[in-house]
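Trainee: Chains L and A are the protein sequences, given in the same order.
Residue numbers for the first sequence, in our numbering: 16 to 225.
Residue numbers for the second sequence, in our numbering: 9 to 213.
Because the hints were derived from the structure by calculation, they are not lab data.
Take the hints with a grain of salt, since some may be wrong.
[What the hints assert, rightly or not] These stretches of chain L come out as covered by chain A in the derived footprint (C-beta under 8 Å, 3 or more residues):
| id | segment |
| --- | --- |
| 1 | 34–46 |
| 2 | 187–198 |
[To be verified] DEER-style ranges, computed between Cβ atoms:
| id | chain 1 | residue 1 | chain 2 | residue 2 | range |
| --- | --- | --- | --- | --- | --- |
| 3 | A | Glu154 | L | Ala216 | 48 to 54 Å |
| 4 | A | Glu154 | L | His127 | 27 to 33 Å |
| 5 | L | Ala216 | A | Lys15 | 54 to 60 Å |
| 6 | A | Ser189 | L | Pro150 | 34 to 40 Å |
| 7 | A | Gln78 | L | Ile123 | 45 to 51 Å |
| 8 | L | Glu184 | A | Ser75 | 27 to 33 Å |
| 9 | L | Glu184 | A | Trp41 | 31 to 37 Å |
| 10 | A | Pro143 | L | His127 | 46 to 52 Å |
| 11 | L | Asn37 | A | Ala60 | 56 to 62 Å |
| 12 | L | Ala212 | A | Cys145 | 23 to 29 Å |
| 13 | A | Arg148 | L | Ala144 | 29 to 35 Å |
| 14 | A | Cys145 | L | His127 | 38 to 44 Å |
| 15 | A | Gln180 | L | Val186 | 37 to 43 Å |
We put the beta carbon where it would ideally sit given N, CA and C, even for glycine.
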Amino acid sequence: MTTAIFEKLQKTFPEAGIELVNNPSPSGQHSLLVPAAQARKVAEFLRDDPEFRLDYASNVSGVDNPPKKLKETVTRKEVVEGVEKEVKETVEREVPGYLEAVYHLYSISKKHGPVVLRMRTGDRDKDVALPSLTPVWKSADFQEREVFDLFGIRFAGHPDLRRLLMWDEFVDHPMRKDYVAPDDCDYEPTPHGEILARVQARGAAAGEVA
Amino acid sequence: MVDEELKSELQKRGVFIASFEDIYNWGRKNSLWSLQFGLACCAIEMIAAAAARFDMARFGAEVFRPSPRQADMMIIAGTVTKKMAPLVVRLYNQMPEPKYVLAMGACAISGGPFKEGYNVLKGIDRYIPVDVAIPGCPPRPEALLEGLIKLQEKIAAQRLFGPNRARHADRQDAAEYPVPSYGPHDLEPPCNPDVFRPEPVKSEE
Numbered sequence: 016m017t018t019a020i021f022e023k024l025q026k027t028f029p030e031a032g033i034e035l036v037n038n039p040s041p042s043g044q045h046s047l048l049v050p051a052a053q054a055r056k057v058a059e060f061l062r063d064d065p066e067f068r069l070d071y072a073s074n075v076s077g078v079d080n081p082p083k084k085l086k087e088t089v090t091r092k093e094v095v096e097g098v099e100k101e102v103k104e105t106v107e108r109e110v111p112g113y114l115e116a117v118y119h120l121y122s123i124s125k126k127h128g129p130v131v132l133r134m135r136t137g138d139r140d141k142d143v144a145l146p147s148l149t150p151v152w153k154s155a156d157f158q159e160r161e162v163f164d165l166f167g168i169r170f171a172g173h174p175d176l177r178r179l180l181m182w183d184e185f186v187d188h189p190m191r192k193d194y195v196a197p198d199d200c201d202y203e204p205t206p207h208g209e210i211l212a213r214v215q216a217r218g219a220a221a222g223e224v225a
Numbered sequence: 009m010v011d012e013e014l015k016s017e018l019q020k021r022g023v024f025i026a027s028f029e030d031i032y033n034w035g036r037k038n039s040l041w042s043l044q045f046g047l048a049c050c051a052i053e054m055i056a057a058a059a060a061r062f063d064m065a066r067f068g069a070e071v072f073r074p075s076p077r078q079a080d081m082m083i084i085a086g087t088v089t090k091k092m093a094p095l096v097v098r099l100y101n102q103m104p105e106p107k108y109v110l111a112m113g114a115c116a117i118s119g120g121p122f123k124e125g126y127n128v129l130k131g132i133d134r135y136i137p138v139d140v141a142i143p144g145c146p147p148r149p150e151a152l153l154e155g156l157i158k159l160q161e162k163i164a165a166q167r168l169f170g171p172n173r174a175r176h177a178d179r180q181d182a183a184e185y186p187v188p189s190y191g192p193h194d195l196e197p198p199c200n201p202d203v204f205r206p207e208p209v210k211s212e213e
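This is chain L alone, in the form it adopts within the complex (with noise of 0.2 Å):
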């Protein structure tokens, strides 16, 4: 279905970019990769072409890519006393961190389903908004907030951006990973592990015996 929608969607809008993300996995749950600036348009044509019909938003979630370091050979060619020779050469690239938002569709009127569609981010740390579609599907109203809530997309266009789960003075974003949360898990009668190795490192630094 994903693949049959990918199509049509590349025929109706040459211009803008789509990609379809692969599955590899049994599932093949493939999903539609599309940019930030089209997607209003393409979530709006999903929702009324008369084909496919996806009228129904069912979930929302958002997923953290923190930045990370790719390392890749490169082969080149140089010539090496007088001999060209191909040379290989591992480079360290680093990636920028982004953040998704995905979405999944499902049609009631013809009962298919679900199309996975994701929008991403620019970089994590300064470039976190993507359109709302809470327009196009009122039911991704909660769920918008809750993705802002806990990873930090400003969804543009939505009527009503405030935290849902955590309180409106909390500054974090929990569900992202590099999120530290408070060091309070700290007392048990039996402490052992993690907790009693920081309670330990707590208590030699403020100078007494743990």
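Chain A: place on chain L using the hints.
Mentor: Below, chain A without anything else, positioned relative to chain L:
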């Protein structure tokens, strides 16, 4: 104090004697109104304990009040999230003396299975004094009734006069504890040191 042996001897002959404290506490312990207040799955067991099969009315605690002003005890039934904690403390402050707290279930006692979560308070005893802790996840209704009986025993043993008198005999106004505020990363303060005094952690060596 009346000698217990003399008391039972007199009782056999049809003479009943009791101190003022005994009668006062007997009345209090058999009519405990609790605050109608459930936070998670423990509340389901609390409802079961109040309903026909387990029948908390046998112990005089079946009246659940929807207002802290009319309640004698608070059953903290379930996970206290950090977002909920200030409201629990505020409700406690609004209860008139004498007032008691039952922490029901692993979550209310220590955070339970969610102890390492960023959003869960690691035990309500960080902010308010807990009289009876009922372990279990969730505790069965019998366990709640056992906790209630323990609380009744505690009330029966409370003194109204003398140096060891109960907190409520000592003061006119209800005991109040500072309500934590929502901070940028955590509740502020993360615990109330006047109430929460854990034993220092011992090392294994």
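Trainee: Now tell me, hint by hint, if it's right for this structure.
Mentor: The hints, checked one at a time:
no.	hint	result
1	34–46	violated (count 0)
2	187–198	holds (count 5)
3	A/Glu154 to L/Ala216: 48 to 54 Å	40 Å, violated
4	A/Glu154 to L/His127: 27 to 33 Å	54 Å, violated
5	L/Ala216 to A/Lys15: 54 to 60 Å	58 Å, holds
6	A/Ser189 to L/Pro150: 34 to 40 Å	36 Å, holds
7	A/Gln78 to L/Ile123: 45 to 51 Å	48 Å, holds
8	L/Glu184 to A/Ser75: 27 to 33 Å	28 Å, holds
9	L/Glu184 to A/Trp41: 31 to 37 Å	35 Å, holds
10	A/Pro143 to L/His127: 46 to 52 Å	49 Å, holds
11	L/Asn37 to A/Ala60: 56 to 62 Å	58 Å, holds
12	L/Ala212 to A/Cys145: 23 to 29 Å	26 Å, holds
13	A/Arg148 to L/Ala144: 29 to 35 Å	51 Å, violated
14	A/Cys145 to L/His127: 38 to 44 Å	41 Å, holds
15	A/Gln180 to L/Val186: 37 to 43 Å	42 Å, holds
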